[in-house]
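Novice: Chain E is fixed; fit chain G onto it per the hints.
Those protein sequence lines, which keep their order, are chains E and G. Position 253, counted from 1, in the first sequence is what my numbering calls 253; the numbers after and before it change by one each time, with no gaps. Position 16, counted from 1, in the second sequence is what my numbering calls 16; the numbers after and before it change by one each time, with no gaps.
The set of hints was computed from the structure by calculation and includes no laboratory data. Treat each hint with caution, since some may be false.
Said to hold, decoys possible - Per the computed footprint, the stretches of chain G lying under chain E, defined by three or more beta-carbons under 8 Å from a beta-carbon of chain E, are:
hint, region
1, 8–20
2, 23–30
3, 33–45
To be verified - Pulled a few chain E residues facing chain G out of the computed Cβ check, cut under 8 Å:
hint, residue
4, Ala20
5, Asp46
6, Leu66
7, Arg288
8, Thr292
9, Val296
10, Tyr314
Values in this document were obtained by computation on a predicted structure and should not be read as measured data. Just so you know, even glycine gets a beta-carbon here, dropped at the ideal spot from N, CA and C.
Each chain, letter by letter, is given below.
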Amino acid sequence: MSVTPTGRVVVVGASAAGLAAAETLRGQGHTGTITLIGDEPAAPYDRPPLSKEILSGTWSPDRLPLRAPADLDALHLDARYGCEATGVNISESTVLLADGTEVPYDGLIVATGVRPRLLPGTPAHALRTLDDALALKDRLGPGRTLAVVGAGFLGAEAASVAAGLGTRVTLLEPAPVPLAHAVGEDVGRVLAQVHLDHGVDLRTGTGVSEVVPGGVRLDDGSVVEADTVLVAVGSRPNTEWLTGSGLTLEDGLVCDEFCAAAPGVYGAGDVARWHNPLFGTSMRIEHRTNATEQGVAAARNLLGAQRPFAPVPYFWSDQYEMKIRAYGHLRGHDEMRIAEGSLEERKFTAVFRTGDRLTGVLSVGMPPKNTLAWRQSIALRARWQDAVPATSTGAAA
Amino acid sequence: MHVEVDVPRCVASGQCVLLAPDVFDQRDEDGMVVLLTENPPAELHDAVRESATVCPAAAIRLEQS
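With the rest of the complex left out, here is chain E (with noise of 0.2 Å):
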């Protein structure tokens, strides 16, 4: 079911996914009224520098926008910010809003996003919104001491961050080596080494249970004393608001390989759990790129494109010196081979094999086009006997 080009949109989530969305209805023409609804009092910014330029104090917020006012005016978006959806009524084709109004759909596209986990205990600092990121930032520096719960990608660049401001970090991470799920063990060994080089004291195999006043209560009961605590440790998908709708929730809202959740109702971003033909699973992707690609996609097959959304994910991470870089679905792969370079130099491409495909490359300090050719033959399912050279080096994951 499509949206005649004079149909009511309403697009939940005003962050990457949201305006991409939006701004595509416009591009194809749609005439009809779009009602962004977002729960931030900003208009759109950008994510991907409040752990990097935000909180370094390279760039000052005002670069944060994702598109200038006059660029935002043009697009005549009934632009609800600050604004919260609490519920949906799929028969009725209503959004309901926290202050009580009801809001007609003819198609809905729902980007709500996620929001960080939080431990138990004594409250501690998250890293999601602008205002995370400046609160964080006034604690860092010369003299101060940061524990960071978690060594995912985000905890990973905070501590970078933070420790070339002259803050005293403490990286805790349950694994035993970082990143591991994400991009096997011999690349997360490298990214491990990186920040104990650096001097941050990167304890793995460390479990936290709670914050506590002044530092954190580890799993074996003793305590790692932080002015300050931020807390990594992954993200759940905003669904709370589609309880009870009819919607399919599982980790996401569910969505097929079109990113339709119901007839007229489509996910796009972060809180998107879709099928993804490109690999034949199921996925749901946190990161920037695919949020404005599948914003892009939900819009067109609103408006009737009937195209399957199969991308090839994206994402990258500054750590450090380290620019990395990678393409792909790498988490379950069967196997890692480094195709040029060396981990121990840290310039190198990795490629990793899912079954008898090329699904993942993974570089790092290497020239940006030459992994660029490799997402091309993912995009092309190519096979690894056929993309990967024989003398690359490697081992099973």
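Specialist: The following block gives chain G in isolation, referenced to the frame of chain E:
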């Protein structure tokens, strides 16, 4: 259509190069965006608009006439 790129914002994702290779390229050494033409022909406008929308760094700005 007039295209501008904000190179310091670029994160070298290559999305624009994949969508509109006649308009965007990347520097060999660091992957930063290179604008090949500021005024692309009409047949490329859809691809350029999509590039601006999907750019994960919001580094592409269009003046549309």
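Novice: So, for every hint listed, does it hold in this structure?
Specialist: How the hints compare with the structure:
no.	hint	in the structure
1	8–20	holds (count 8)
2	23–30	holds (count 4)
3	33–45	violated (count 0)
4	Ala20	holds (5 Å)
5	Asp46	holds (6 Å)
6	Leu66	holds (5 Å)
7	Arg288	holds (5 Å)
8	Thr292	holds (4 Å)
9	Val296	holds (6 Å)
10	Tyr314	holds (6 Å)
In this structure, the one hint that does not hold is number 3.
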